[in-house]
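Residue numbers (the working numbering): 43 to 158.
Hints are computed from structural coordinates only; laboratory data are not their basis. Only a predicted model underlies this, so the values are computations on that prediction, with no experimental measurement involved. Incorrect hints may have been included.
[Unchecked claim] FRET-style restraints, in silico, Cβ to Cβ:
#	residue 1	residue 2	range
1	Ser-85	Ile-129	16 to 26 Å
2	Asp-48	Leu-130	16 to 26 Å
3	Asp-77	Ser-113	20 to 30 Å
Think of the CB as a built atom: it goes at the ideal place given N, C-alpha and C, for glycine as much as any other residue.
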Amino acid sequence: MDQGQDILLDVADPEVSARFYGRLLQGRAVQVGPDRATLVLASGRRLNLWRRSAEATEPARAVGFAVDRASDVDDLHVDWWDGGARILTPPCDLPHGRGFVASDPDGHRLCVFAAA
């Protein structure tokens, strides 16, 4: 997966989200607590999960994950489905490659794609 910048997501429960993302992204938790969790992903990116404040009104974010091959898209689709991700758009061929879109428990969109 892409080695871009670190990811920050506001979530309802950092501990629940850390377990979810640990399964999906095979991340290693370096900090998990009631207000914040941090995972280091295989790519080296850090995923920071911060408890959303009660008055927060920010919309869910979209996070992109680039993979090398179209077959990787299909493999991750199966893995993420089995890992509890809600699949919003199944794998499909697009003008610039292949991809799918999933959702986490907080409604953040997770876009997996392989460039053509």
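Against the structure, the hints:
Taking 16 to 26 Å as the suggested C-beta distance range, the pair Ser-85 and Ile-129 conforms, at roughly 22 Å. For the pair Asp-48 and Leu-130, the supplied restraint of 16 to 26 Å holds, since their beta-carbon distance comes to about 24 Å. Judged by the Cβ atoms, the range 20 to 30 Å given for Asp-77 and Ser-113 is violated: they are separated by roughly 39 Å.
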